[in-house]
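Peer 1: Starting from the structure of chain A, add chain B where the hints point.
Going down the list, the sequences are from chains A and B. According to my numbering, the first sequence is numbered sequentially starting from 568. According to my numbering, the second sequence is numbered sequentially starting from 43.
Keep in mind the hints are simulated off the structure, nothing from the lab. Each residue gets a CB set at the ideal place from its N, CA and C atoms; glycine is no exception. Among these hints, one or two may not hold up.
[Unchecked claim] Output of the computed footprint for chain B on chain A, the stretches with three or more beta carbons under 8 Å from beta carbons of chain B:
| no. | stretch |
| --- | --- |
| 1 | 598-606 |
| 2 | 653-667 |
| 3 | 730-743 |
| 4 | 805-813 |
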Amino acid sequence: MSSDLIHIDGSFGEGGGQILRTSLALSVATGRPFRIENIRANRSKPGLLRQHLTAVQAATAISGARVVGDAVNSTCIEFHPDELRCGDYHFSIGTAGSTTLVLQTILPALMLGEAPSTISLEGGTHNAYAPSVHFLTRAFLPLVERMGPRVSIELERHGFYPAGGGRICARIEPVKKLTPLTLLERGDEVRRSATATVANLSGDIAKRELAIIQQKLSFPDEALKIEQIKDAIGPGNILSIEIESEHVTEVFTGFGERGVAAERIAAETAKDVRRYLGSTAPVGRHLADQLMIPFALAGDGEFRTGRLSGHSETNLETIGWFLPSRLEVVNRDDSVDIQAQ
Amino acid sequence: MAHESESRDRRMVVLGLLGTSLDMGKGHKRWERWRPTVSLCQHEDFLVDRLDLLCGKRWSKLADVVTEDIKSVSPETEVILHQVDFRDPWDFQEVYATLHDFVAAYPFDTDNEDYLLHITTGTHVAQICEFLLAEARYFPGKLIQTGPPRAKADGAGVLQVIDLDLSKYDRLASRFEREHEDAIASLKDGIETRNKAFNRLIEEIEHVAARTTDPILVTGPTGAGKSRLARRIFELRKHRRLVEGELVEVNCATLRGDGAMSTLFGHKKGAFTGATSDRQGLLRSANQGMLFLDEIGELGLDEQAMLLRAVEEKRFLPLGSDKESSSEFQLLAGTNRDLLTQVEKGEFREDLLARINLWTFQLPSLRDRPEDIEPNIDYELDAHAKQRGQLVRFSREARSRYVTFATSSDAYWSGNFRDLSASITRMATLAPGGRINDDVVKLEIDRLGVAWRTRAQGSHFSLLEEVLSPEKLETIDLFDRPQLELVITVCRESRSLSEAGRKLFAASRMRRKSTNDSDRVRKYLARFGLDWDALCRMDGG
Numbered sequence: 568m569s570s571d572l573i574h575i576d577g578s579f580g581e582g583g584g585q586i587l588r589t590s591l592a593l594s595v596a597t598g599r600p601f602r603i604e605n606i607r608a609n610r611s612k613p614g615l616l617r618q619h620l621t622a623v624q625a626a627t628a629i630s631g632a633r634v635v636g637d638a639v640n641s642t643c644i645e646f647h648p649d650e651l652r653c654g655d656y657h658f659s660i661g662t663a664g665s666t667t668l669v670l671q672t673i674l675p676a677l678m679l680g681e682a683p684s685t686i687s688l689e690g691g692t693h694n695a696y697a698p699s700v701h702f703l704t705r706a707f708l709p710l711v712e713r714m715g716p717r718v719s720i721e722l723e724r725h726g727f728y729p730a731g732g733g734r735i736c737a738r739i740e741p742v743k744k745l746t747p748l749t750l751l752e753r754g755d756e757v758r759r760s761a762t763a764t765v766a767n768l769s770g771d772i773a774k775r776e777l778a779i780i781q782q783k784l785s786f787p788d789e790a791l792k793i794e795q796i797k798d799a800i801g802p803g804n805i806l807s808i809e810i811e812s813e814h815v816t817e818v819f820t821g822f823g824e825r826g827v828a829a830e831r832i833a834a835e836t837a838k839d840v841r842r843y844l845g846s847t848a849p850v851g852r853h854l855a856d857q858l859m860i861p862f863a864l865a866g867d868g869e870f871r872t873g874r875l876s877g878h879s880e881t882n883l884e885t886i887g888w889f890l891p892s893r894l895e896v897v898n899r900d901d902s903v904d905i906q907a908q
Numbered sequence: 043m044a045h046e047s048e049s050r051d052r053r054m055v056v057l058g059l060l061g062t063s064l065d066m067g068k069g070h071k072r073w074e075r076w077r078p079t080v081s082l083c084q085h086e087d088f089l090v091d092r093l094d095l096l097c098g099k100r101w102s103k104l105a106d107v108v109t110e111d112i113k114s115v116s117p118e119t120e121v122i123l124h125q126v127d128f129r130d131p132w133d134f135q136e137v138y139a140t141l142h143d144f145v146a147a148y149p150f151d152t153d154n155e156d157y158l159l160h161i162t163t164g165t166h167v168a169q170i171c172e173f174l175l176a177e178a179r180y181f182p183g184k185l186i187q188t189g190p191p192r193a194k195a196d197g198a199g200v201l202q203v204i205d206l207d208l209s210k211y212d213r214l215a216s217r218f219e220r221e222h223e224d225a226i227a228s229l230k231d232g233i234e235t236r237n238k239a240f241n242r243l244i245e246e247i248e249h250v251a252a253r254t255t256d257p258i259l260v261t262g263p264t265g266a267g268k269s270r271l272a273r274r275i276f277e278l279r280k281h282r283r284l285v286e287g288e289l290v291e292v293n294c295a296t297l298r299g300d301g302a303m304s305t306l307f308g309h310k311k312g313a314f315t316g317a318t319s320d321r322q323g324l325l326r327s328a329n330q331g332m333l334f335l336d337e338i339g340e341l342g343l344d345e346q347a348m349l350l351r352a353v354e355e356k357r358f359l360p361l362g363s364d365k366e367s368s369s370e371f372q373l374l375a376g377t378n379r380d381l382l383t384q385v386e387k388g389e390f391r392e393d394l395l396a397r398i399n400l401w402t403f404q405l406p407s408l409r410d411r412p413e414d415i416e417p418n419i420d421y422e423l424d425a426h427a428k429q430r431g432q433l434v435r436f437s438r439e440a441r442s443r444y445v446t447f448a449t450s451s452d453a454y455w456s457g458n459f460r461d462l463s464a465s466i467t468r469m470a471t472l473a474p475g476g477r478i479n480d481d482v483v484k485l486e487i488d489r490l491g492v493a494w495r496t497r498a499q500g501s502h503f504s505l506l507e508e509v510l511s512p513e514k515l516e517t518i519d520l521f522d523r524p525q526l527e528l529v530i531t532v533c534r535e536s537r538s539l540s541e542a543g544r545k546l547f548a549a550s551r552m553r554r555k556s557t558n559d560s561d562r563v564r565k566y567l568a569r570f571g572l573d574w575d576a577l578c579r580m581d582g583g
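Okay, chain A solo, but in the shape it has when bound:
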């Protein structure tokens, strides 16, 4: 069994949790076992944190894997998946950890499974350093659906750091094989909008954020929306900006943080949007990260994005260990094409 065990040094490249998540996702999708050492070696608290452990447990649950080293602070695990088990699952993530990152770990395999699955997840739904639920539903999933599978995510309750308590439910109808997708052009802009969401906080925060967006990005009044969330357990604030084009929708998210002025959060998010609007590549930095695994699994197709981040490059290398079909990077002037072959 260990003859085809993939050995991964978790300290390479950017050395974070994404190496683990990508490895888990592809191990379950391909059935190939792996062993990863030096997990998150480049972080201040190395080893498995609780959210990573939950990702391991979720991957274990849907694949009947045999696992060694699945404990908090463990710096080495060995993961031997059995057969994919589509169906209904529920996972809770502690420390208001990201539900979307856990979903990201099991989604690739489940959308290529034999039967539909329903995954309910509890924890954080809008976490910094993680794709927000808005981003997944508006930007990522429409592209996945164009590749064949039906995937929907219902946001049942918002969950913010530190209180958590959010809940999402993902429904997945799989396909046998992903349809290759080509995404090199954005097309004409269809709509742009900004939504400032506050939970258990003053609506004034939302107003101030939108004022900055209006000022910096000259959004029309009707494109600005304030959303007051009543059912969240703790306080939270997010600013979500959507640029909908003919072929792609991009979502940029700012996360409110205690002690950081609303104006600053809005200004930084506006900067991300400006950068996107100033280029022609249809796929932004975060969306590029998300698309790599589906494109690699499809084995064909290509998309264009801006310069690759260290995070993306690490992700590409990890993917290369599991999938024979490679993702080729073709550099262009101020963008790159990722080609699956």
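Peer 2: Just chain B, lined up with the frame of chain A:
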């Protein structure tokens, strides 16, 4: 393949008190506050499998909020509420007793679970009690303390596990190691002993002496160092502030009759003829200190009975008094006799032996520790130098000769360290110019040989008393007696005067041209008015 997870088999369990002020928080603002009990479960790198939360009845609402919040931030954690009420959470007795009861009744499963006691919440009194429970191992785990975030990035704040096993901390461990080594060195009187069995024994004694207030029994042959060790044990305990009072020493062989009772337990004025005033007795003097009873086997049966009571109940009756006296002391007992045999003969109380036989250390004889003779020789030379203010050294060949003899099977050391000490003192005194030379050593070796042989035969100088009249004996210096005794013994073991001469002058014989050793012996004997025939006649009887 069946699903099987091989790791994470031990569960992390935290016990803690609900913090009635620190854990407090209402509305959504509570998420902006650091709440220790909730924060315990918010650490990304620390997972609590079960939290046993102790809270008073009147705080049940707060307990529910905290439980709900933990469920949200840590769905992996099972929270169990235990109703524990304090009438006064600042009352030490009440808090300790309550927590002690809780811990005593708690079903600890140390094979499968690790335990931490969260000390951040609760009154300072509760913290003290928690510390005591963990330190006394009533709580079989470590302490954990939490603190608010020092910087925004710390998120859940800080968390620290405190292991009361101080040896787990490198810097402290080396400190304790040093202290431990000092204690060992002190118990050994600074002598760098090499005998493994002896060194192990001293390690054991150090370990026990630092921890127990129970009686300690030191056995071993006379002169093996029992009283010296007793003094060192006392100093060790005094140094560690484990004992306040003094060390009171007495050799039971010196206690006889009424005087024994009175010396040990004291008497009232008029208790017997000559009791002209109250006397408090040695046991009372040893109050809060230690009492060293050497040769405890020599103690009379009545005194033994009283002593047993004093050891067990800390109370005894002074002679002639109708009021009991009390004394809290640690008993050190020494003996060179086999107390079990004495018990069989009815000379020693079985119950007293059982009571003092808890920590028994048998000091080996010097003969059993030949490797330690050399360091002890140096120690004795140093002691002599300190006492007399005069440095004495061996010449190299003299030292080598002495050590060879001292560690050989010819050296009985029947008086153990007492013999060694006396031997070194003699040589140091006789050493010309502070240098112990070969001649001094040779003489000493003869002297020791005689002393041990005669001691083995019974009383001192019996051989001389046998062959010499008391008047004649009186004229012979003590210094000369062992040598004369040796010569007589050798003569009697020989078939002829010349054989005796050959034996007595064997060493120098080879270097001399003419050898008339029998003549030298004859002349020597004549100095004391003795001759070959007389010696052999008396011996044959």
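Peer 1: Are the hints correct? Go through all of them and say.
Peer 2: Hints and how they fare:
1. 598-606: violated (count 0)
2. 653-667: holds (count 6)
3. 730-743: Answer holds; 3 residues pass the 8 Å Cβ test.
4. 805-813: violated (count 0)
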